[in-house]
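Given the coordinates of chain Y, work out where chain D should sit on it, guided by the hints.
Protein chains in written order, with UniProt numbering: chain Y, 1 to 595; chain D, 1 to 595.
Calculated directly from the structure, the hints in this document are not laboratory data. Errors might be hidden in some of the hints.
Restraint ranges, calculated between C-beta atoms of paired labels, are given here [stated by the list, open to error]:
id : chain 1 : residue 1 : chain 2 : residue 2 : range
1  : D       : A111      : Y       : R492      : 25 to 31 angstroms
2  : D       : L398      : Y       : L19       : 58 to 64 angstroms
3  : D       : L398      : Y       : E59       : 31 to 37 angstroms
4  : D       : A435      : Y       : H26       : 53 to 59 angstroms
A virtual CB, placed ideally from N, CA and C, is assigned to each residue, including glycine.
2 protein chains.
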Amino acid sequence: MSLNLNTLNAASVEDFVALLDGVYEHSPWIARRAASARPLLNLTALKQALAQVVREASEAEQLGLIRAHPELAGKAMLARSLTAESTGEQSRAGLSDCSPEEFARIQQLNADYNARFGWPFILAVRGPRGLGLSRAEIIATFARRLAQPADVERAECLRQIHRIAEIRLNDKFGVEPILGNRIWDWAQALAQHSEPGFCEAGQLTVTYLTEAHQAVAAQLQTWMRECGFDEVGIDAVGNVVGTYHGARAEAPRLLTGSHYDTVRHAGPHDGRLGVLLPMACVRELHAAARRLPFAIEVVAFSEEEGQRYPATFLGSSALTGQFDPAWLELQDREGIPMRAAMQAAGLPGTMEAITALARDPARYLGFVEVHIEQGPVLHGQDLALGVVTSINGSRRYLGKVIGQAAHAGTTPMGQRRDAAAAVAELLLFVEQCAAASAGTVGTVGQLQVPAGSINVIPGRCQFSLDLRAPSDAARDALDAEVREALIRICERRGLSWTLQPTLAANAAPSDPSWQARWERAVAATGCRVFQLPSGAGHDAMRLHERMPQAMLFVRGQNEGISHNPLESTNNDDIELAAQAFTHLLDHLAAEGHTP
Amino acid sequence: MSLNLNTLNAASVEDFVALLDGVYEHSPWIARRAASARPLLNLTALKQALAQVVREASEAEQLGLIRAHPELAGKAMLARSLTAESTGEQSRAGLSDCSPEEFARIQQLNADYNARFGWPFILAVRGPRGLGLSRAEIIATFARRLAQPADVERAECLRQIHRIAEIRLNDKFGVEPILGNRIWDWAQALAQHSEPGFCEAGQLTVTYLTEAHQAVAAQLQTWMRECGFDEVGIDAVGNVVGTYHGARAEAPRLLTGSHYDTVRHAGPHDGRLGVLLPMACVRELHAAARRLPFAIEVVAFSEEEGQRYPATFLGSSALTGQFDPAWLELQDREGIPMRAAMQAAGLPGTMEAITALARDPARYLGFVEVHIEQGPVLHGQDLALGVVTSINGSRRYLGKVIGQAAHAGTTPMGQRRDAAAAVAELLLFVEQCAAASAGTVGTVGQLQVPAGSINVIPGRCQFSLDLRAPSDAARDALDAEVREALIRICERRGLSWTLQPTLAANAAPSDPSWQARWERAVAATGCRVFQLPSGAGHDAMRLHERMPQAMLFVRGQNEGISHNPLESTNNDDIELAAQAFTHLLDHLAAEGHTP
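Here chain Y stands alone, though its shape is the one from the complex (with noise of 0.2 angstroms):
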């Protein structure tokens, strides 16, 4: 029989760790320290608390949690004294099926593993789906994370305790995140479709208009006629639209939408979950024969990475009217302009039908875009959920520094032109700056001494510079900041410096009324609501400068990691971000029509 909410809120303490037993392997401390957070809201919450009491206890705390684990495959599973709940784990994952080979190769990872950290690996067997992971992902991941610095191989080991924990009380619960189910299997599905040249697995590439750009609108228009939308196409630009109409014909439209772009070697996620994601909510809207006092209108944009063409934002662009007939023009590596790949992919190639594509503003609420983070804020957060504060603004410049090459050994401290030392002074003014200021990011990214030779002291130092802060104010503030800091540092150090703009993107803020409106909905799923600024930029970029506009941000694995095949979440917490994101349209209702 399946535990409930009710039952631990109203259990003694005692009661309250035995009915949660087995959830953090061999530690009844967690739960006993957490049963003081009662009454839960929820199973989300319940898991929120259980995390925390792990974030809040001493390191020696963690360690032992860590260590009260078994070894994969390791001895006690050969002995049969795991629990309960690691013999499932770990013959679910068939690690009792492995082959000579594969046991050697994880008894070797094992003995490395514990040789370099001091405690044994752990991984969430059941994996990202909540089905398993195979033996090869499992080995793979293994001797991944074998190479981490060991605090955050750590910190590691905690996240993929407290995934365990999490199916292990969706298993006790007899909760299934049948949403969050739904949408992984489509973006696996739609993975599917990958532009050739990229074989090995995980290698997903869909560039503008391509075949399987193609193949990823038709699939996506298909879903959304089985989904219940009302309306279903592809405009002239390549985005797939579908809408679901409101209550009534003149209700004004609630616009969403992603992305279905993806960058060269990319992962799943990007962009897809933000339109899979309300297209799930719709399903489900339809499902029960609900409208609501607004249409829904899910924008599936064709382009926002700017891989195949010099030129970004292609779709969104077109619906605010920003769409450069420049653009038409551009070609790709091959030599193919702009308009005959959309001629070769049926679209009219007319500046005429993209223009007709700008919407008025005034028949929409707003514009919301659920993305997933692309950085490691929510990840270290130990939380599924963020609300975004703004997309922030940015500059970036090419630099180069100028001093005198010279003797390394014959040319004393006080006489030189030191052009790479001066730039040293530069990144760290910059790392110190920018940390600083909350939100605020500034990167060195690129640093040469051309034809550099270790025993001559720098003549040339090349840099790069990128700087992103919340508001234009805050950003332009550190790039006055960094300016003078250059010009300051080259000065004392008798050197020339250029610096060459190549970038400068305004910061979107999102609307304040819609940013309340994300963080009730992501409340009344049980997530504690946390803030964030986007550091990437997105559609909801371009959709800001005709309408109001708020970001959701679901965490992903891996350290946030993205544009990468390991970019990952969770069904869990993709279930949460549909929550949340039905809370907002259930909110919204029940504000009236027009907010």
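Chain D in isolation, oriented as in the chain Y frame:
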């Protein structure tokens, strides 16, 4: 009638100023202030006293001095309103015979220069040999200096003013640097021999046992015989050895010399000065039929630079019995083994012959080496000569810091593992740590984020380290501090690192009694005695392991640049070095036979 020092020492201040009129253009205040430095030992001391007044003057006075000079081939020349000295110098340099194109070019340079710096371009047009630069040389120098930082260029103008004053004083006193001119001319004649493939002017390249190298060896032997050396020959490793006997057959020997090979694209004085200078001094002894109580053995070492084969100090290693037999098998870029190169040059190419070259330290008083400084210290001090305290010990490393590449926009400052930031910290630590200890230097010459992207936090950063100090203890202390800093920085930032040693050389501190002999000899020339360590390696490092040694440095022009065609010195500085060498011989003779 020539001026002489007795007259100047005895004159009233007003007469002193009047007698030196025209030495420093329109600036009698310099002579007036220098008057108090009397009595002056000799012309060198006078030059030094005048220069010292300018060094100690205010910046405004220095700029006034610079601005008191006419433009090169400027309006004053055309209007015939130059001082007599300037008129002579500018017309001797052929500036009054410019072609219209040359004249237009110089006018444009004058305009650009004045716009950039706000003072006239000053160049001692009679040049380093006192004979007059060509118009092409003048224009090339003008263009080069136009690109220098303002403070470097201002200092250079003052140095050129001192050089102009030096030549004017030589004229007034009717003196000529005869030894300096001879050595200069020899060096120019030797520089005619260069390897093919370096066709541009000044592209001097003479590597081990090439045709050019053998031509230099033959020329040196011819000159040594003409100088009156008693024994002249080439040894089994290509060293050219000339011996000038002492008064008695069994007299002990003074060993001196330097190398005659060059780096690729070299200057004409590196190494060769230390061969040609003692040759010129022996020539004087022979001309005066003087025999000293010790023999003088001048060795032109065949190889020091390690350019053709991956081994250095081939010549001096043979004298100290440290020639590694494995070197004979080393191959050059064309696959020619060293042994074959030796045999092709008529040398035996056997270890038996090479081993026989080892000198018995008991027969030698010690080793002295004269060398161009190859650094900016003497140039910055306005001093022609410097006594070396030690040849610095060194350690070199190639290093790598490994962090985590991540999105520059989405990764908060506090969650980064920026490899380049760690190397930047290390670089500044090296700089600060080396600056805190006299004579010590530390350099990060190579610095690179491999495949860095403007929007990616550096996951890797490669760098080199070159650490040098006057004693092994100081070098090891710096080395330990830097390595500890690397560990500390990487631990704090959660990074890993590698550091691969590529070189370690012990310091060769000068023998105190030989250093004192050089100091006494320098003082006897009228030069202020100035001590400095050698940051570069020299043949003396090798001899150091078998006998007492000390070196004398001669100022280099152009910030002391070396291993470059811009490397230069001048006839007066060389003359002073030859005087110092002669004083050293005289003082040593006065000491008796066995020090």
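message: Going through the numbered hints above, which ones does this structure break? Give me the numbers in ascending order.
response: The structure conflicts with no hint, since it agrees with every one listed earlier.
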